[in-house]
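Engineer: Listed below, chain by chain, are the residues.
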Amino acid sequence: MDIRERLSGNEAAAIAMKQINPDVVAAFPITPSTEIPQYFSTFVSNGDVDTEFVAVESEHSAMSATIGAQAAGGRAMTATSANGLSLMWEMIYIASSLRLPIVMSLVNRAVSGPLNIHNDHSDAMGVRDAGWIMLFSENNQEAYDNLIMAHRIAENKNVKLPLMVCQDGFITSHSIENIELIEDDKVKEFVGEYKPDEYLLNKENPIAIGPLDLQAYLFEHKAQQALAMKNAKKVILEVAEEFEKMTGRKYSFFEEYKLDDAEIAIVCMNSTAGTTKFVVDSLREKGIKAGLLKLRVFRPFPAEEIAKALEHVKAVAVLDKADSLNAAGGALFEDVTSAMYVNKKQVPMVNYIYGIGGRDTKADDIESVYRDLQEIANSGNVENPYRYLGLRRK
Amino acid sequence: MNDLIEIRWHGRGGQGAKTASLLLADAAFNTGKYIQGFPEYGPERMGAPITAYNRISNKPITIHSNIYEPDYVVVVDDTLLESVDVTAGLKETGAVVINTTKDNDYIKESLRGYKGDVYKIDARKISIETLGKYFPNTPMLAAIVKVSKIMTDEQLLNDMKGSFKHKFAKKPEVIEGNMKALELALKSVEKVNN
Numbered sequence: 001m002d003i004r005e006r007l008s009g010n011e012a013a014a015i016a017m018k019q020i021n022p023d024v025v026a027a028f029p030i031t032p033s034t035e036i037p038q039y040f041s042t043f044v045s046n047g048d049v050d051t052e053f054v055a056v057e058s059e060h061s062a063m064s065a066t067i068g069a070q071a072a073g074g075r076a077m078t079a080t081s082a083n084g085l086s087l088m089w090e091m092i093y094i095a096s097s098l099r100l101p102i103v104m105s106l107v108n109r110a111v112s113g114p115l116n117i118h119n120d121h122s123d124a125m126g127v128r129d130a131g132w133i134m135l136f137s138e139n140n141q142e143a144y145d146n147l148i149m150a151h152r153i154a155e156n157k158n159v160k161l162p163l164m165v166c167q168d169g170f171i172t173s174h175s176i177e178n179i180e181l182i183e184d185d186k187v188k189e190f191v192g193e194y195k196p197d198e199y200l201l202n203k204e205n206p207i208a209i210g211p212l213d214l215q216a217y218l219f220e221h222k223a224q225q226a227l228a229m230k231n232a233k234k235v236i237l238e239v240a241e242e243f244e245k246m247t248g249r250k251y252s253f254f255e256e257y258k259l260d261d262a263e264i265a266i267v268c269m270n271s272t273a274g275t276t277k278f279v280v281d282s283l284r285e286k287g288i289k290a291g292l293l294k295l296r297v298f299r300p301f302p303a304e305e306i307a308k309a310l311e312h313v314k315a316v317a318v319l320d321k322a323d324s325l326n327a328a329g330g331a332l333f334e335d336v337t338s339a340m341y342v343n344k345k346q347v348p349m350v351n352y353i354y355g356i357g358g359r360d361t362k363a364d365d366i367e368s369v370y371r372d373l374q375e376i377a378n379s380g381n382v383e384n385p386y387r388y389l390g391l392r393r394k
Numbered sequence: 001m002n003d004l005i006e007i008r009w010h011g012r013g014g015q016g017a018k019t020a021s022l023l024l025a026d027a028a029f030n031t032g033k034y035i036q037g038f039p040e041y042g043p044e045r046m047g048a049p050i051t052a053y054n055r056i057s058n059k060p061i062t063i064h065s066n067i068y069e070p071d072y073v074v075v076v077d078d079t080l081l082e083s084v085d086v087t088a089g090l091k092e093t094g095a096v097v098i099n100t101t102k103d104n105d106y107i108k109e110s111l112r113g114y115k116g117d118v119y120k121i122d123a124r125k126i127s128i129e130t131l132g133k134y135f136p137n138t139p140m141l142a143a144i145v146k147v148s149k150i151m152t153d154e155q156l157l158n159d160m161k162g163s164f165k166h167k168f169a170k171k172p173e174v175i176e177g178n179m180k181a182l183e184l185a186l187k188s189v190e191k192v193n194n
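As you go down the protein sequences, you meet chains A and B in turn.
Following the working numbering, the numbering of the first sequence begins with 1 at its first residue and continues without gaps.
Following the working numbering, the numbering of the second sequence begins with 1 at its first residue and continues without gaps.
It is worth saying that the hints were derived from the structure and are not from the lab.
Treat the hints with care, since some could be wrong.
Unchecked claim - The following residues of chain A were derived to be distant from chain B, with all beta-carbon distances above 12 Å:
| no. | residue |
| --- | --- |
| 1 | 44 |
| 2 | 45 |
| 3 | 56 |
| 4 | 64 |
| 5 | 93 |
| 6 | 126 |
| 7 | 198 |
| 8 | 225 |
| 9 | 241 |
| 10 | 242 |
| 11 | 304 |
What the hints assert, rightly or not - Footprint (simulated), chain B over chain A, 3 or more residues, beta carbon under 8 Å:
| no. | segment |
| --- | --- |
| 12 | 168-174 |
| 13 | 356-370 |
Note that CB positions come from ideal geometry on N, CA and C, so glycine has one too.
In isolation and in its complexed conformation, chain B is listed as follows (with noise of 0.2 Å):
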């Protein structure tokens, strides 16, 4: 791994991309990272576009402003594809990771000339059957991991069971699903380009 990986996510208020870079922030810091998870507040509400990022280290992290040259960018919402510039200041050398349905030309398409590799994964689809409603960011989670390799799938799995367990203390019924949604998404992420 680099010494320094940023993500940024772009999702809609309400979906979860918030939640999911703190997931994964938590991930990578039990796995002896240094790390941030933070989310740009706008006007939110239900809907409009929103931004969270990610910063994960070996070494001590000083730096506190937005994040404008990615590594890696989430969409957990391809409807924000025509309304957002997601791969703005995305490093040719890292990748793009959008939850979709849609064929490999609109999305190509849709992401203006980026060069760097890009992948899909049907979140919509793993949620329903796993949790039975649409929480995207369960799925995004374990995409972004495979598509990054800060840590190894074993490694997540393990340590997302504990998260989930803390995290959904009182609602223990959801843990299984979040766990198949994680395991099912790690098998589904696919790539758009070559």
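Chain A extracted, bound-state conformation (with noise of 0.2 Å):
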């Protein structure tokens, strides 16, 4: 039986983190995650867990921490946002690159500057080359469910990359709704315990980690991440599956919300893909077909899926909650158009900036680029496929 609680979407990932119960956590408090290794200390100090917590003095540190931890054999964890990622940047890529299977909470905010502590995803996008594994969660129980099954897919011997699980700081992070949760014995024996090959305090098989890696090898290394890439899709959907069993709760790459019918589609990530299903049930209700295709899988991205999901839409809008400022739109859109394209599929498609630095994204704001669909569709043509959308003009 799951446990009805209500909580915020960072009480939510911290009580996950209790239930996973890592090896070790290294963090630096940053708003809004700051809350998460916030309660996670509590647990330390209460004994409900016993986890090696590291409280260090930088996130660079804080990766640092977290890729010493994985390597020597631990099961490591951390949680940070925007300016924190930054920081960890060159570590962000030190972590896949040696393939350790570290999980980060990763509470979605605006990169400075000029300096902003609300919501956009300028951090998540910064770090979408990396080589990190990017789950986004609409709300407090996707980010509770995804890392729950964070290490399931991480870990996995054809995956071994790093995970990231995204939501939106302070509009989830801080909003307290209604949660289900798993029972701790349950979620114990889901993710299991961390048994690595190969790891750094083995005596028994000694190995050196992260060596000089020149014109011989890297080429052929990169490869293999990007081959662990495109296997973690795979293990993606088999976790979800177990998942389903022991919970009910389905996920797959992408939650596709009334777009069976769909004649016009939104494509988003995060809470905005919850008002967008508030905004499709009442044009539903007026007899539009509106749907919306909510992207869980951002890193691997699922090219393939998304292009025959979308295929028989007459128009749809990509919305990007982080400007890429290159003049011909948001990574998201690339990413999706690049897929149609490649996947051959010719359906009229607009992208639109919004939400930057915590601008709200109300209901009336979806609902106008439903009706901009609706014109798209029925001329065929966009006249401009770069827009925003609440920026104020004056």
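Build the complex from these two chains, which are given one at a time in their own frames, with help from the hints.
Structural biologist: Laid out in structure tokens, this is it:
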């Protein structure tokens, strides 16, 4: 029986970490993810977990300490946001290239500057090519469920990649909502023990980790990382299937919300998907065939599956909560349009940059996108594919 | 109860509007509802105007934006009436509840022509009487429950007893005062217009 509770997104993440009971957590506080290590350190003090908690002096050290712990043979976790992730940058790439299945809770926030503590996805988008598996979460429930599934995916022998679970700063991290928790013993059984084949503190089989890797091998090693990312797709689905057997909650690469018979569709991630569902329901009542593709797995990017899911619609809008500042559209838009083109799907596509620095995204905003999509579907033309949503002009 | 009730709280940093919204979410959760309780974080400091929100529903809630057309508004500090348009977007089928000792004419005038129901309560007096200090959030919690009828008085009192025991585990001496504040507040809500 699931446990009916009400928790904020940060509380949900901290409780998932408590149930996972990793060997090491190293973290440095930064808004809006501060509460996660704060709650977790309470669990450590109270003896609820037997984790070694390392209160480091910076995020660079937080990632370095988790790398050290994971390389030594332990299971390591951390949490951060925005500039904390920026400071980890160097070590983020080291973690994935050393094939260390570290799990991070990333509470998305705008990367400075100017200084802003509120939500957008610029932190996550900044590490999209760093070789981490990236899962996005609509609400506290998904932030929790994704963390429970994380180690099973990351530690799989065909994967061995670090994984981050994203959720929207403040919007879900600080909002109290209903949630169904899984019993401790079930989580423990589901997550299982971490038994790496090779690790630094194994005196029977001493190895070196992270030596010089020049022209002769780096290319091959990068190709192996890419292959691991490809392998992760199958593992993500297998773990989701097992998770569904335990909880009844279904996960895949993405959620298709009233998309089957939709004529117009929005693609987006995290909490905005919830607001979009609300709008889809109200439009459906008016007979408008609106649908949603909520992307959960951003890395690996399920290109073929997305193209198939969107092939039947007449117009698609992709919402990016981070501006690539490249004069050619946001990262999610570029990935989705590329997926459509390569898979030979001809659907008019339009991009909206929205919600930057915590600008609230209202139901009315989403509705205006669907209205634009109706026009595009009727005419078949996209006048300007690169647009803003909710930008104040004056 | 409607399928979805939306409440907006106006207060000043340090008065506990955020805590009150979380306590209301808690209480509604315990009566079996789906809930959201969240503050709008701005440049937070003591005394700055702050907003907090509640959604309460019989069905799962997916929308994740602030609330622009609330069913109810709670004003924890009446000095906000001059600087903040507290009834902005407030449904006329709904109501506003204000912590104030001002006279009814002043209240009506400061609400900029709002046509829905207006209620007032002297949360300061109740708080001083029952807690010895000024913590307006507990009386205001009772006031909004009374006005919105999200739950019965009994449900609120029974539920909050448990919540306070949990919240004030380290200072149990304030539980009784907070319970008295709730009881007194439930009886003290006064309708300003007819």
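Engineer: Going by Cβ atoms, does residue 126/A stay more than 12 Å from chain B at every point?
Structural biologist: Given that every Cβ of chain B is farther than 12 Å from that of residue 126/A, nearest at about 23 Å, it holds.
Engineer: Please confirm whether residue 45/A is truly not at the interface, meaning its C-beta sits more than 12 Å away from all C-beta atoms of chain B.
Structural biologist: holds (15 Å)
Engineer: Are all beta-carbon distances from residue 242/A to chain B longer than 12 Å?
Structural biologist: Holds, because the least Cβ-Cβ distance between residue 242/A and chain B comes to about 24 Å, which exceeds 12 Å.
Engineer: Is it correct that the beta-carbon of residue 198/A has no partner in chain B closer than or equal to 12 Å?
Structural biologist: Non-interface label on residue 198/A holds, nearest chain B Cβ at 43 Å vs cutoff 12 Å.
Engineer: Non-interface claim for residue 241/A: all C-beta distances to chain B beyond 12 Å?
Structural biologist: holds (23 Å)
Engineer: A cut-off of 12 Å on Cβ-Cβ distance, and residue 64/A was said to be off the interface with chain B. Does that hold?
Structural biologist: Per Cβ check, residue 64/A is outside 12 Å of chain B; nearest 30 Å; holds.
Engineer: Taking C-beta pairs only, is residue 56/A more than 12 Å away from all of chain B?
Structural biologist: holds (26 Å)
Engineer: Checking a non-interface call: every C-beta of chain B should be farther than 12 Å from the C-beta of residue 225/A. Is that right?
Structural biologist: holds (34 Å)
Engineer: In terms of Cβ atoms, is chain B entirely out of 12 Å range of residue 304/A?
Structural biologist: holds (28 Å)
Engineer: Between the segment 168-174 of chain A and chain B, are there enough contacts, at least three residues with CB-CB distance under 8 Å, for the coverage claim to hold?
Structural biologist: holds (count 5)
Engineer: Measuring Cβ to Cβ, find out whether residue 44/A lies farther than 12 Å from everything in chain B.
Structural biologist: Since the minimum Cβ distance to chain B is about 20 Å, residue 44/A lies beyond 12 Å and the statement holds.
Engineer: Within the segment 356-370 of chain A, is the number of residues with a Cβ closer than 8 Å to a Cβ of chain B three or more?
Structural biologist: holds (count 4)
Going down the numbered hints, you'll see the structure goes against none, and every one checks out.
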